[in-house]
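Colleague: Residue numbers (the working numbering), protein chains in the order written: chain A, 1 to 289; chain B, 1 to 378.
There may be inaccurate statements among the hints.
Calculated lysine-lysine pairs in the DSS-like style (CA-CA distance at most 30 angstroms, straight line) [claimed, not checked]:
#1 LYS108/A <-> LYS160/B
#2 LYS371/B <-> LYS276/A
#3 LYS276/A <-> LYS306/B
#4 LYS371/B <-> LYS286/A
#5 LYS209/B <-> LYS108/A
Some, not all, of what chain A presents toward chain B, calculated at C-beta under 10 angstroms [stated by the list, open to error]:
#6 VAL103
#7 ILE138
#8 SER153
#9 ASP182
#10 PRO183
#11 PRO241
#12 ALA279
#13 PRO283
By construction, these hints were calculated from the structure, which means they are not laboratory data. Note that the Cβ used here is the ideal one computed from N, Cα and C, for glycine as well.
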Amino acid sequence: MSIFINKETRLLIQGITGRDGSFHAKQMLSYGTKVVAGVTPGKGGQLFEGLVPVFNTVAEGVAEAAANTAVIYVPAAAAASAIFEAVDAGLGLVVCITEGIPVLDMTKVIPFVHERGARLIGPNCPGLISPSQSKVGIIPGNICTPGKIGVVSRSGTLTYEIIHQLSTQGFGQSTCVGIGGDPIIGTSFIHCLSAFEADAETEAVVMIGEIGGTDEQLAAEFVKGGMTKPVVGFIAGQTAPPGRRMGHAGAIISGSSGTAAEKMRALAAAGIGVMKRPADVVPLLKERL
Amino acid sequence: MNLHEYQAREILQRHGIPMPAAAVAASPEEARAIAARLGGGGKVVVKAQVHAGGRGKAGGVRLASGAAEAAAAATQILGMTIKGLPVHKVLVTPAAEIASESYVGIIVDRASQRPVLMVSPAGGIDIEQVAAQTPQQIYRLAIDPRFGLLPHQALGLGFKLYPGLGAARAAADIMQKLAVAVYAVGASLAEINPLVTTPDGAVVALDAKIVVDDNELERRPEIAALRDATAEAPSEVAARKAGLTFIKLEGTVGCCVNGAGLAMATMDLVKYYGGAPANFLDIGGSSNPQKVVDALEIITADPNVKAILFNIFGGITRCDDVANGIVQATSRFPLRVPLIVRLTGTNEREAVEILTKAGYSALTDMDEAVKQAVERAA
Numbered sequence: 001m002s003i004f005i006n007k008e009t010r011l012l013i014q015g016i017t018g019r020d021g022s023f024h025a026k027q028m029l030s031y032g033t034k035v036v037a038g039v040t041p042g043k044g045g046q047l048f049e050g051l052v053p054v055f056n057t058v059a060e061g062v063a064e065a066a067a068n069t070a071v072i073y074v075p076a077a078a079a080a081s082a083i084f085e086a087v088d089a090g091l092g093l094v095v096c097i098t099e100g101i102p103v104l105d106m107t108k109v110i111p112f113v114h115e116r117g118a119r120l121i122g123p124n125c126p127g128l129i130s131p132s133q134s135k136v137g138i139i140p141g142n143i144c145t146p147g148k149i150g151v152v153s154r155s156g157t158l159t160y161e162i163i164h165q166l167s168t169q170g171f172g173q174s175t176c177v178g179i180g181g182d183p184i185i186g187t188s189f190i191h192c193l194s195a196f197e198a199d200a201e202t203e204a205v206v207m208i209g210e211i212g213g214t215d216e217q218l219a220a221e222f223v224k225g226g227m228t229k230p231v232v233g234f235i236a237g238q239t240a241p242p243g244r245r246m247g248h249a250g251a252i253i254s255g256s257s258g259t260a261a262e263k264m265r266a267l268a269a270a271g272i273g274v275m276k277r278p279a280d281v282v283p284l285l286k287e288r289l
Numbered sequence: 001m002n003l004h005e006y007q008a009r010e011i012l013q014r015h016g017i018p019m020p021a022a023a024v025a026a027s028p029e030e031a032r033a034i035a036a037r038l039g040g041g042g043k044v045v046v047k048a049q050v051h052a053g054g055r056g057k058a059g060g061v062r063l064a065s066g067a068a069e070a071a072a073a074a075t076q077i078l079g080m081t082i083k084g085l086p087v088h089k090v091l092v093t094p095a096a097e098i099a100s101e102s103y104v105g106i107i108v109d110r111a112s113q114r115p116v117l118m119v120s121p122a123g124g125i126d127i128e129q130v131a132a133q134t135p136q137q138i139y140r141l142a143i144d145p146r147f148g149l150l151p152h153q154a155l156g157l158g159f160k161l162y163p164g165l166g167a168a169r170a171a172a173d174i175m176q177k178l179a180v181a182v183y184a185v186g187a188s189l190a191e192i193n194p195l196v197t198t199p200d201g202a203v204v205a206l207d208a209k210i211v212v213d214d215n216e217l218e219r220r221p222e223i224a225a226l227r228d229a230t231a232e233a234p235s236e237v238a239a240r241k242a243g244l245t246f247i248k249l250e251g252t253v254g255c256c257v258n259g260a261g262l263a264m265a266t267m268d269l270v271k272y273y274g275g276a277p278a279n280f281l282d283i284g285g286s287s288n289p290q291k292v293v294d295a296l297e298i299i300t301a302d303p304n305v306k307a308i309l310f311n312i313f314g315g316i317t318r319c320d321d322v323a324n325g326i327v328q329a330t331s332r333f334p335l336r337v338p339l340i341v342r343l344t345g346t347n348e349r350e351a352v353e354i355l356t357k358a359g360y361s362a363l364t365d366m367d368e369a370v371k372q373a374v375e376r377a378a
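The shape of chain B in the complex, shown without the other chains:
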C-alpha cells in the first residue's frame, strides 16, 4: 500500500527525522491559510498528494509567492488528474533554501533477502535514473535485521554524502531513524529524496515516500487506516472488499482465473492469440460461489469488455463452486457479452453439467477457450 507524502512525513517526523513544517489542504482556502501561517508571506511549495510518480513533470508541484498565489496554485492542482488518478489534497510547505541534495532510501531487497540502505550524493532525481546513468554514485549496505543499522555503518555512509563530520553525523542519525521506522510501520520501501543541506548547515528531509507491505496491514490497523480509497481505481477498491485481486487493463477480454500465475499466463495467451486482456483477476484458492458473483460484477462494469473468459484449474478450488457462481450471477444480472468457460480438475464433470443445464458450454482446453474468447471479443 502506498502512503501519501503527508502521511509518510508524519511517520518520519514521529521517528525524529527533521523535516520542514508542512500541512495538508483539501481546498484553496485551506492552502491559503497554511501558506500564511507557515510561509510568513514568503515562498511556499504546493505539492499534489497522489499515488503516481512524475507529479512534478505533470504540473502537480508549484512554487508560490505568498498566500494568494498558494491558493491559486492549489486551485490548479486540486482536481487535476495525474496518470488517471484525481488529486484531492495538496501539501503546503515553506520553500527551503537548498545547498545540496542527496538521496537516502531503504528497500527490502530480494537478492540479499535483507533491507538494503541506499544512499547517493545525486539526490533530487529519480534514483532509478541515477542507477542507470551513474551507478558509481549509489552506495549500498545490507542491514542485518538482528542488529539493525549499526552506528559505524550509518556514519560510513554519512561520509559518502558529506565530507564534514557534523553533516555526516546528522545524515547517519537520519539513516538509523529511517531503519527503525521501516520495521515500525512494516515498510517495503522508505525513501527521502531529496535529503538536503540548508545554507546554515542543517540536514533535513524535504520529501518522504513510504510503501507498506500489504501483508503488514492486518497486524497494523493504525497503518491500514491510512489507506486512501479515493486515490485508487473504484473497481480495484470493490475487488479488494470482495477478497479478490483485480488490476484493470486496457483490453477487451475480461479474465477470471484462479491463481496469480495462471491468471498472468491466461492474459499472456490472450495476447498470443491476438487479443488484449481487460484485467488481471485472481479469485483465489478456495472459491465460494459468492466470489464468482462479485468477480463477474466487477468485470462486467468495464464497458470495454467484449467477452468474458473463465480459466479455472480445480485443485483446492472446486470447479462446481465456480459453475454455481456463474449461474447465480448470470441469473441476477444477464450478461451483455459472450461468456467462455474453461474448467478442468476437481469436480470438473459436475461443473460441466451445471453449466450445460444453464445453457452455457464449458471447455476443458485452455488454448481453445482463449482462442474463442479472443474471436468473440474482436
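For reference, chain A alone in the conformation it holds in the complex:
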C-alpha cells in the first residue's frame, strides 16, 4: 500500500493553466496520476491538453469530477486563498507546492484546515509520490521505484538525492512525502511516521530533517514511544551559522535552539539510525532490516 495517495486518488490541480501548473500537470498525467479536474478562474469550460476539464471553482470540480485531492500551483499571493477554497470544497487532502506564502497567512489557514478535518501537506513542498500508483506534486517520477521504504522530508532536491540512493541500491519506496520547508506547515513528521507505522506495506522509514524548530525532536519522542518499524534519519545544516535563514523560511537556528547537533542527539537517543551524510542511508537501513 502507501500513505495519503494511491491509485484511487482523483486529483484536482489548482492553477492548471499557469506556467508551473501546466508543466507539472503534464508530468503527473504521464506518470499515470488520475488528474480529473483543473481550476483556473475564468477558464472554466476549457479542456487542458484535450483531456482534463477546467473549472472556475474548486467546488465545481469536486461536484462534477468527483475529485478527492487537490494540489496547488498558484502564485504565493493567492496560495493561502487557494488552500481555503480547496478545504471549503470538502477535499480531505490538499497539497500546496507554492513557496513564499506569508507565515501570518498560514496562522489563519491552519485552524480552518483543522476545523474541517482536512489534511494539508506543505506549503513550500515538493508534494508526494507513491511509486507506480500516483504522483501529486513535483518529485521526479523516474528516480522512484515501488517498494517498502517510507520517506518523509522537509526538503526537495535533498529528498531526490536520498530517493536516488535508495532506488539505485535496490530499496524501493512505498510513499515519499515532502512536508515542506516553511515554519508553519500542515503535516508534521509525526503525522507521516504514524501513517507509515500503520501502513502494512512500509517496512522502514527514512526521515530527512534540517535546522530550525523542534519538529524532529518531537518526531524522535514519537518514534521512541510508539514506533515498531526501524527509522533512519538525516539532519541538514550542521555547518549553518546561527540566526541566518538557510534558503527555506523555516531553516534557521534561533539563538541556540534548532541546531543540527541537538536534533541529531535527539534522534540517536530515540534509537533512530543517524546518517552523517546522504550516502549512509542504505548501509544504515541494511543494519536495521
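Put chain B on the given structure of chain A with help from the hints.
Modeller: The following block gives chain B in isolation, referenced to the frame of chain A:
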C-alpha cells in the same frame, strides 16, 4: 528582513504605542542638533542603528550629557563596525528615568502555529537569557488569529507585569496595539525591550525591534522600501538582486547547489571530508543559464575561495541549463580556481557533453565531487 530600531519605532508609534521622542542622525552635527532640540541640555542616549545583537556590549550605545557630548558619542559610534556591519546612523533620544523594566514581545511560534505573546517582568536583558535562567519569569499566550488578542487576555498579562490597575491597563493597551502592528506590517517578530515605567507612573516603550517576514515584502512595498542595503553584506545584496539565496561563510570551498536542503547537505559533506564551505548558495528550482553566471560571479568575488563545487540534482532544474551557464560564465571571466561539477538527473547526458566539450569534467557522485573539491581547495 530586519528593520532598524528607528524604523520599528515609527511603526509602533503609528500604532499608538507611547515612546519617548527620538530622531535619527547620520552625522555628529545632526546628533548635536537633535540632542539640543529633544534633550533640553540634559542627558541623551546615542544608539547605533545596526542589524546586530549585542550592540551595547560592543560600545554602540552611549550616554551623553548635552549636545556637545552627544556629537562626540556620535563621532565614535558612526563608522564603528559591529559584528562586521558598519554603522551609518545613530538614534538620539533623551535618557528616560526608569522605575522598572519589563519585556513584551510577539513571535510567530512554530510549535503552536500561532503568534505567541510573551511578557516578562525581567526586562532590559536578552529574553533568551531570561528563558534559560528564570523561565518561570516568562508568561506566554497563543493569539487566535481569528479574534486577535482579546482585552481580558492582555489585561491578565498586564497584571503579570504590574500589580496596579493603571499600569496593568496601560501595558495591556500596548500589547493589543503591538498585536495589531504585527499583522499590519507582516512581522514574524515584534519586541519591546524594555517596556519601562517612569517615576511618574507612565508606561512607555524604550526600544523596538521588528523582523518582517520576507514573504510579506511583495505585497507591502512600503515595508520593502525600508530595506537598508548598506547594512548588509554586498555579496548578499547582489545575490538577492539576481534571485539567488546566498550566505557568506568563512571557508574555502565555494558551493553552488540547487535546493536549500541539498545546499546545506553539500556544505555539511564538505566539512565531513575535512574542508570548510565558503558559502551557502541556492540557485533555486527553475534555473536559467543566467542564474548560474550570476552565481559564479558572486562566488568568485570572494578571495577566500580556493575551489568551486557545483552540486546539481536535476528535477525541474535541467542539468544542461546549468552546464550552459557554466560555459557562458567561464568564457566571460576565466576562473582562477579549480571547478568541480557534479550533475545528475534531468538531461544529465546533455550536460556532461556540453561540459566535456568545454574542457571540464563532470561527476555524477556527490561524495566523489565533494572529496575532490576539498582536496583541490587544500
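Colleague: Next step is simple, just say for each hint if it's right about the structure.
Modeller: Evaluated hints:
no., hint, verdict
1, LYS108/A <-> LYS160/B, "holds, 28 angstroms"
2, LYS371/B <-> LYS276/A, "holds, 15 angstroms"
3, LYS276/A <-> LYS306/B, "holds, 25 angstroms"
4, LYS371/B <-> LYS286/A, "holds, 25 angstroms"
5, LYS209/B <-> LYS108/A, "holds, 24 angstroms"
6, VAL103, "holds, 5 angstroms"
7, ILE138, "holds, 6 angstroms"
8, SER153, "holds, 7 angstroms"
9, ASP182, "holds, 9 angstroms"
10, PRO183, "holds, 5 angstroms"
11, PRO241, "holds, 7 angstroms"
12, ALA279, "holds, 5 angstroms"
13, PRO283, "violated, 13 angstroms"
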